Amino acid sequence: SQAQQNNTDNSDSDDNNTPLRIAVAANFTPVLKVLLKEFSKQTGINSQIISGASGAMFLQIKHGAPFDIFLSADSRRPKELEQDGFARKNSRKTYAIGQLAFYTTTMPSLEQLSIDLEKNPPQRFAIANPDIAPYGKAAKEALQHLGLWSTLQHRLITGINIGQTFAQLRSKAVTRGIVANSQLVLNNLSGVLIPTSYHQPIEQQLVIIRASKRQAAAKSLSDFLLSAKSQATIVSYGYAPTPRVKG
Amino acid sequence: MNDSLINNAALNSLTNHKTPQLNININISYQQFELSIKQSIPLNGITGVFGHSASGKSTLLRAIAGLETTLTGEITLVDTSLVNSEQGIYLKPEQRQVGLVFQNSRLFSHLTVLGNLEYAVKRCKNSRLSLAEVIKLTELSALLDQEVNQLSGGQQQRVALARAILAEPKLLLLDEPLSALDRHSKTQLLKMILNIQKQLSLPMLYVSHSLDELQQVCDTLLVLAQGKVVSFGNIHHVIHQLNNNHECDLIQQQTSLSLPIKTFNNGHGLTALALNAQQDIFLSCDQAFEQQTQLRCFILASDISITLTEPSNSSIVNHLLGTIKQINAQQNNVLLTVICGSQDFFVTISAFSQQKLSLTLRQQVYLQFKASAVRTFIH
Amino acid sequence: MNDSLINNAALNSLTNHKTPQLNININISYQQFELSIKQSIPLNGITGVFGHSASGKSTLLRAIAGLETTLTGEITLVDTSLVNSEQGIYLKPEQRQVGLVFQNSRLFSHLTVLGNLEYAVKRCKNSRLSLAEVIKLTELSALLDQEVNQLSGGQQQRVALARAILAEPKLLLLDEPLSALDRHSKTQLLKMILNIQKQLSLPMLYVSHSLDELQQVCDTLLVLAQGKVVSFGNIHHVIHQLNNNHECDLIQQQTSLSLPIKTFNNGHGLTALALNAQQDIFLSCDQAFEQQTQLRCFILASDISITLTEPSNSSIVNHLLGTIKQINAQQNNVLLTVICGSQDFFVTISAFSQQKLSLTLRQQVYLQFKASAVRTFIH
Amino acid sequence: MINSDLQALITTLEMAALTTIILLIIGTPLAWYLAKMTSRFKVIIEAVVALPLVLPPTVVGFYLLIAFSPEYLPGQMWQQATGQQLAFSFSAIVIGSVLYSLPFVVQPLQKAFEQLGDSLLEAGALLGAGPIDRFFTIVLPLTKASFITAASLGFAHTVGEFGIILMIGGNIPGETRVLSIALFDHVEAFDYARAHLLSISLLISSMVLLAAIYWLNLPKRNKPKDLTVNTKREEQSANE
Amino acid sequence: MINSDLQALITTLEMAALTTIILLIIGTPLAWYLAKMTSRFKVIIEAVVALPLVLPPTVVGFYLLIAFSPEYLPGQMWQQATGQQLAFSFSAIVIGSVLYSLPFVVQPLQKAFEQLGDSLLEAGALLGAGPIDRFFTIVLPLTKASFITAASLGFAHTVGEFGIILMIGGNIPGETRVLSIALFDHVEAFDYARAHLLSISLLISSMVLLAAIYWLNLPKRNKPKDLTVNTKREEQSANE
Ligand SMILES: Nc1ncnc2c1ncn2[C@@H]1O[C@H](COP(=O)(O)OP(=O)(O)OP(=O)(O)O)[C@@H](O)[C@H]1O
Ligand SMILES: Nc1ncnc2c1ncn2[C@@H]1O[C@H](COP(=O)(O)OP(=O)(O)OP(=O)(O)O)[C@@H](O)[C@H]1O
Ligand SMILES: [Mg+2]
Ligand SMILES: [Mg+2]
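Line by line, the protein sequences are chains A, B, C, D and E.
Residues in the first sequence are numbered from 1 upward in steps of one, following this note's numbering.
Residues in the second sequence are numbered from 248 upward in steps of one, following this note's numbering.
Residues in the third sequence are numbered from 627 upward in steps of one, following this note's numbering.
Residues in the fourth sequence are numbered from 1006 upward in steps of one, following this note's numbering.
Residues in the fifth sequence are numbered from 1246 upward in steps of one, following this note's numbering.
The hints are simulated quantities; they were obtained by calculation from the structure and are not laboratory data.
These numbers were taken from a predicted model, which means no experiment stands behind them.
Note that beta-carbon positions come from the ideal geometry of N, C-alpha and C, so glycine has one too.
Don't take each hint at face value.
Pairs of lysine-lysine, BS3-like flavour, derived with a Cα cap of 30 Å [claimed, not checked]:
no.	chain 1	residue 1	chain 2	residue 2
1	C	751	E	1389
2	B	475	B	339
3	C	824	C	796
4	E	1389	D	1149
5	E	1281	C	748
6	E	1389	D	1041
Pairwise CB distance ranges, derived in the manner of DEER restraints [what the hints assert, rightly or not]:
no.	chain 1	residue 1	chain 2	residue 2	range
7	B	373	E	1381	48 to 56 Å
8	E	1435	D	1123	54 to 62 Å
9	B	510	C	821	48 to 56 Å
10	C	657	B	534	28 to 36 Å
11	A	106	D	1206	30 to 38 Å
12	E	1317	C	657	46 to 54 Å
Generate the whole structure from the sequences, applying the supplied hints.
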């Protein structure tokens, strides 16, 4: 349904008093914080981070949440927002591509690890929920690709999102699992990277909210994030390099 | 009013015309008990309510106070209709201005003794009584700051009584207010109740199992049995009726009197009461009599003896010449009704003595009783 | 034991050697009240506890029952040490086998009447009493299924009494168990208490404000005032001591007696009691006397009169020749102690009569009192 | 940074305090009614009050979000009445918390009222105290402990509440970002040091607060008071 | 699919029932102790019991997970005692729920015990009833309503609990995947139809359950009983 029909494109009526409200998936928040310093230096735009679960923010946007731009952890929700008319047409961009990694301290290579997991599988293995979390879905695909799925399927601990999976691993209650590489980088932990070819790419997409009164600022943030410099920073935080930058 | 010579009919006609009344015509049904009372009670003094345990005394008081919600019928206090189930009137307890001293004292456990008293004072509309005065009369001065659940049984009753009086209701209901008290405290508090009754012209209904107590303070007596009124009227008349009621084991047979004081102290420590123009009754003098012109007293039928000739050389000061009106043989006793002037006296003698003296109706005899046999509860 | 001729010292020496005893030596301090009692109580009948309101009667019973945790000192029941604060012994209430009928009945509101009784029965170790029997004696049959908070005050007391008895404790403490009852119920229940006392040889402590009640059931009397024992011993002696205690307004002066029954019915409806070899006392005969060999009775001092010559032509059946032992002038009265055989009798006459008769010490006089002046509560 | 936590703390306290007050105002008459009501209908109301407990907070939040959005009636009515959107406002999180914490307030109060019994209320009525008067002078002091329990359960539950507030509040700093969300954010953002710090300070301050409440509620023993017999009343009567 | 929800329902009921039983077993003596204790120390214990309320469940869950992991003492001890890992087990979610729901059970019971007073307990003791006997024959029947409140608050709160269970349970089907998580999954997976269905069936069944509990707890009126005076006891005495 075109809920926001009478909301005209109001990019010109930017209200500079309220900060730019960025709804961002929790796993990207630390990187965004770093990038925003540069962004505000460049543009002078004052911004506010609202971090949370992509699913919750998606629902909130559909029910009128006062966000300007939404950095989701997946591509499904931005697509849906775009289709339903809550996001500005053509504002959907992939700003980062998730990189999976095995969380392990001992195993040096992926081959060794796979063999080890096959031979003496751990009692519990943590991934994000494949049904609802994009990192979970990708983890499942990667395990299938490695032929470990049938071994590990019944040993899975699934987190509500990749953040919870990481917390579960950090608590040492479970010792093996698949997390986002960016989490390992941020926390100076070592792991074994999983080639992005083993799964469908984890595209983290952004959209500009149609009802936003800060269209121009949102657009400049979007542009800023997609700039080569920012992309390099993002990759340095453990994300996979984006193959091609969509205009 | 208090003259025992006024008979029941006279009392009723009097009260019907002048005295404000409490009109009760109610029905309350419980599983095993039914209270069904139709009675007008004059509101000019203290009315006693007497009867066996579980005869419905507390239920009656609760109904008047507005705590029995299942009743049908009507209760009218002076001109105010408290309940009228036909007209759908049901005045809330707090609007009735009726006070009740419960059989169990029901003090507010979160307040001190003083707090309990002040609770009543704050909600009282008239303030004709002094809090300090009531505290003094109920001897609560030393207890004011005590927690109420640390009080002894008697102390609790005194607080409950003081609290109810301080609310200065239009009608005060007392449900065995003195049952947990010793003789001395009973006497003191009965005096207080009487004083306050007079001072505020506050009508009261007084439930008690002790006829002595009722005798002393009540003008009118209501006797209940199994939820019904069995007797009502001037207290002396009612008691004299009960004397002849054999099944009813409620009371000790006695002569109940209200007489004018003729001489407070005859110089020998005796007070003389005028029984009639010719005859006096003597009893031991007491300071408390000094302020009164009229005295309530009773003489147990067992305290009076009969002689055929005027006794002499005896310490017994009272001997009255009378005529035997009735002879009523009971198991080992004989109950005689002897009329002196116009007053009936009740005398029990042993069957043995009756045999010896072979008394007959209309015979003239001397009633003989000690000054100390003339009892007042207040002494 | 019950013979009034045994004096206090004899009683004590007797109890020290043979009768099991309750030894109390305790101290309880409250802010405004201190209980300090050192007393051995023989456990062979009912001991009355008497005293003004707030004299510490309930506190004493609570201490014996184990409900006062702040006490110091010791209590020993026969051979069992209930409390000994020096040795750190403090037996829990449920281990003492002591029963208590509270001043307020404390029934279990979640149980019916029968449920309350069965609660005691289930926890009773001996089962010498029949539940059905106790229900009959306390007249509770019709009430068994009733909720306890729907009961009248007197009904509640009866349930509480029945419940305590059914627990068949080693010692039963009764705190004004009959205060909310009418004369008839009181009489019935006093009889029951006496019967059960004898049947189970269950010693009891009985708190009451009514000396008449105590008189009837107690062998020994403990009088408390302000937390201290003021008098203890054979009930008749204690009462006679109190007669001479002027400040103490506790009792009506009286002669208190336990006498053997000589003739149950002399054919004229009188029962004769043997006062001594020569002299008898007569009172109205009652069915209840038939089963007894000994009778408790009291004669109020005010019920006895004095004549100088042997009376004749009088319905008064009792005239005893005695010698004046003591003359004690009070306000408007004179208290005479007259000795007949070895029994003291107490007589109050008016100051007026004393003046008229000018009685002197060691003078021989006739005591005169009606058969009905010899009172028993049970009748 | 620490500033933002402080702001969250202020929002939290405002929300919890307001919620607790509203809970007491709504919950007390409701509990009273349930305690004194005898109809079988009561069972239904009791169940409805307890319902929010059964659903996971995020799900309750989901439905509340729908209800509060301007597309549906409650949200629409609010918008018409106040001119502002209900969802994602401070008002929304207060309303959500009230609904969610209601059983914690109603149930302890209801039981307290039931256990209180009628006898003292009857005594109060016969001394002339009307229903409101009786409530404040008899019921309230005698059930004070249960009121404190109810209020502290309600308050604590509101402070700790998270799923609903996150959903209907939207985590907007200074308006609907509360401490529990901030704490969650720190954990999510792997900022464990700050999460630990915030948790510990929240624990300690709550502990102090709760201890203070319970301490206030301890029965006072042997507290001597002044004799205050010499009241106005006495002077009055002295003049008579 | 529907099968998996059914399994979640069974796990949920098992967990909630077990938790409620444990809560009553632990909570009752704790509440009794708190109600009868007079020391100032009590305040601290009361505050500690109430603490889990104040922290957001996910945060409580995180700390519990750390405690339950085999690296730390509680988790280690458990593993040594049972041979199994505590974290991500059914036992873990029960323990977590017990800790988290404890205040809902302890507080209503504590107030009920406090309001009960000593007089009937004294009467019971003097009829020979020891402490356990008194508890079951006097305290329990007189505070039955508060027990039902405590149990139903505890049960409902456990059913609705989500954050903690998710964190320490790990969403393992048949073991720790409970209904609240399943419901959340449906919402997250845009499966609103199923989410609505599950919510509504959860609501209706909880409502029926709660109504049944409260209905059981309605005071019975005028229920006539058989006269059972003719006990063994009477026969005994007849033989004497
Ligand atoms: N709410 C009630 N439900 C059922 N029966 C009741 C209720 N209230 C009183 N009764 C019954 O009514 C009768 C009268 O009770 P009431 O309290 O009026 O007696 P009473 O005359 O005051 O007795 P007492 O002198 O023993 O206090 C009793 O048999 C009692 O069991
Ligand atoms: N827990 C307590 N704290 C403080 N004072 C108390 C406590 N219990 C009793 N008292 C005081 O001890 C005194 C004696 O009380 P107790 O109940 O023993 O009297 P009693 O002889 O039974 O009187 P009554 O005949 O009126 O019942 C009273 O003054 C009472 O106020
Ligand atoms: Mg009564
Ligand atoms: Mg007492």
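Here is what the structure says about each hint:
1. 751/C - 1389/E: 29 Å, holds
2. 475/B - 339/B: 25 Å, holds
3. 824/C - 796/C: 13 Å, holds
4. 1389/E - 1149/D: Given that 30 Å is the threshold and the Cα spacing comes to 21 Å, the pair holds.
5. 1281/E - 748/C: 27 Å, holds
6. 1389/E - 1041/D: Roughly 17 Å between the alpha carbons, so the hint for residue 1389/E and residue 1041/D holds.
7. 373/B - 1381/E: 48 to 56 Å: 52 Å, holds
8. 1435/E - 1123/D: 54 to 62 Å: Holds, at about 55 Å.
9. 510/B - 821/C: 48 to 56 Å: 51 Å, holds
10. 657/C - 534/B: 28 to 36 Å: 35 Å, holds
11. 106/A - 1206/D: 30 to 38 Å: 37 Å, holds
12. 1317/E - 657/C: 46 to 54 Å: At 53 Å between Cβs, range holds.
Violation of the numbered hints given earlier is absent; every hint is satisfied by the structure.
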